[in-house]
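Visitor: Please model the complete structure; the sequences and the hints are all you need to start from.
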Amino acid sequence: MSPPEVHHLFHNPIVDHSFSADQSTLAVTRETTVELYSKVGDAFKLKDELKGHDKTVTSVDIAPQSGRIVTCSQDRNALVWEPSPTGYKPTLVLLRINRAATFVRWSPSETKFAVGSGDRVIAVCYFEEENDWWVSKHLKKPIRSTITSVAWHPNSVLLAAGSTDAHARVLSSFIKGVDPRPPAGVWGERLPFNTVCGEYLNNSAGWVHSVAFSPSGDSLAFAAHDSSITVVYPTGPDQPPRAVVTISSQMLPFKSLLWSAEDEIIAAGYDCEAFRFQGSEAGWQLTGTIESKGRPGLEQREESALNMFRQMDLKGKAKDDTQLKTVHQNTVTMIRPYETSGDRVTKFSSSGVDGRVVIWSA
Amino acid sequence: MSIIQQHTSATLSDAWRTINIDALTEDSSLNFDTSTLHPPQPEISEAEVRQLAGQVRQLLRGGDPEGALRGCLETPVYNGEDAAKDAHMQTIIEVLQSIKASDMSPLLKSIYGTEGGSECLDVLMKYIYKGMAAVHPGNASRSPTKDASQGFSQVGGRPGANEPATAAMSVLLSWHEKVVEVAGLGCIGRTMTDCRRV
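If you read the sequences in order, they're chains G and C. Counting with full-length UniProt numbering, you get residues 1 to 362 for the letters of the first sequence. Counting with full-length UniProt numbering, you get residues 1 to 198 for the letters of the second sequence.
Think of the hints as simulated: they come from the structure by calculation, not from any bench. Heads up, some of the hints might be wrong.
Computed list of lysine to any residue pairs in SDA-like fashion (alpha-carbon distance at most 25 Å, straight line) [what the hints assert, rightly or not]:
hint, chain 1, residue 1, chain 2, residue 2
1, C, Lys109, G, Val245
2, G, Lys140, C, Cys195
3, C, Lys109, C, Gln97
4, G, Lys141, C, Pro40
5, C, Lys109, G, Leu252
6, C, Lys178, G, Lys140
7, G, Lys325, C, Val180
8, C, Lys100, C, Glu81
9, G, Lys137, C, Asp22
Being a predicted model, the structure only gives us computed values, none of them experimental.
Guide: Here you go:
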C-alpha cells in the first residue's frame, strides 16, 4: 500500500474539491472563488481562478466527459463554466431559489445537474437548446429543510438527497426530452418527475450529512450527525425495504462517504481521518481506519536532550502536541473516488478544513 | 438635523429587517410541526414505570446489577408525563448508585458487546445528562469567591446539607467518564442529536 499523496494548497478551508477525468486538473473551493490547479510533476500549481460568485462557494463539480465545471454558492446562484481556448466562460443558471445553494453534482449523463439548497428545494437543471439557457425544475415535496448533499443514481434519473430534516430521500428527476425512459428497478417502475421512491431516517434522527448510491445503484447509504452510517436495501416499489442496517460508531460524525465496492464503504468527517466499513445486507461493521498509523515520516523524531529542555523551558512541556496524528489536521469535508479499476475504487481523494487535498489508496 | 438624529431615523425605518419572513412563508418550518417528521414514540404511564422500578429493585437485590441496568435502559420514557419521566430517572440513578466503581467498566463493556448495547448506552448517557441537570446543589446562589476558596476538595465531604446532591453528581460524573471510555464520543453526539428526549 503506497503512502498517501498530500497536497497542502493553502490555509483556508476547502469545502469541496473535484478532479478532472484525466486527473491533471484539480478544482477546489476557496471562499468566494474556485481555484484550478494543474499537476506539474508531483505537485499542484495554481493555474486559474474562477471568480463569479460574491458569497462563499459551497460546492464544485467537474463533468468528466465534457470538462464543464459547475459551481454553486451562498449567493443563491449556480454557474456553469464552459472550457474554451481563452479560459473558462461562466453561464448563470436560473435556480429560482431565495436561500443559499448548498450542494451541486452533475448527473452521470452530464446533461443535468442537481443543486441542493436551503430553500427546501432541489433544483434539477438542464440545458434548453431553444433558449440557449440552463433552466431548472424544482423537486419540492416532501422536503422540509435544507438539503445538505445529493447523489446521482447511475441511471441519471434517480437522485438521493440528504437533508437537515433528518431524512435521506430517493426522488425521481426524470425530465422529458432530456432523459431516456429508465428501466424499472428496485426503486420503482414508473418514475415521473418528483416521484418519491423512498424516505428513510435512522433511529436518533440526526441531520444527514452525506448520501451515496452503491455502484450498482441498488442500495443507498447515508451518514448522519449521530455518528452513524445507515445502509438501505430496497425490495421494490411501494414495499418496505428488505434491510435497513445502521452502524452507530464511537467516533465523531462523518461528513462524507463513498462506496468503494458493493460491500465496502469509506467515510470521513470530524475525526479528520477516513474509516472503512464492510458488510452486506446481513450486517455492516467498522473494520478500521484507512491511515496506517506510525507511517515513516509522521513518527516523532528522537528528541535531543538539549531540544527537550529547550521545549520545557519555552512551552512548559517536553513534547510538541499541537499536531494531530492524522494526515488531515482538521475536519475532512469531502471524499471522492479518484481511481477505479473494474467496479472497485482503488484510490480516493479527500479535502479538509485544513486546506489539504490528499489522495489515498483505498 | 444632527447626524445622530439622522442615524436614529434610519435605524427606525430599518424595522422591516426584523420581520420574521419565515412566519410569512406558508410551508416554512415555523408553520409546520417538525415533530411529525419522526415516528411517534409509545406513551408510558407512571404506573408502568413504578412496576418496572419494582422489578429492577428485585434484580438488584438478587445480585444482578447488569440485568437491572439493562432493564431500565431498554424502556426509556420518551413519551410520558413528567412524573413518569422523573420516576424513571430516579430508578436509574438508584441503580447507578448501587453499582461499585470497580464493576462499572466490565459491566458497560458487557452491555456494549451485546445486540442493542450501543443503543442502551446512548440511553444511559441521556439519563446521566438529565440527572446532572436535575441535581440542584441547593446553594446555587453561593458567591463564586467562596467557591474558589474551597478549591479541589468539593467532591469530598463538605459540611452542609447538600451531601446527597454532591454524592449523586460525583456518581454521575464517574459514570459519564466510563460510558465515554466504552461508547466513545459518538455517544455524546447522539445524546445531543437525538430527537427522542428522556
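Visitor: Check the structure against each numbered hint from earlier and tell me which ones fail, lowest number first.
Guide: 6, 8
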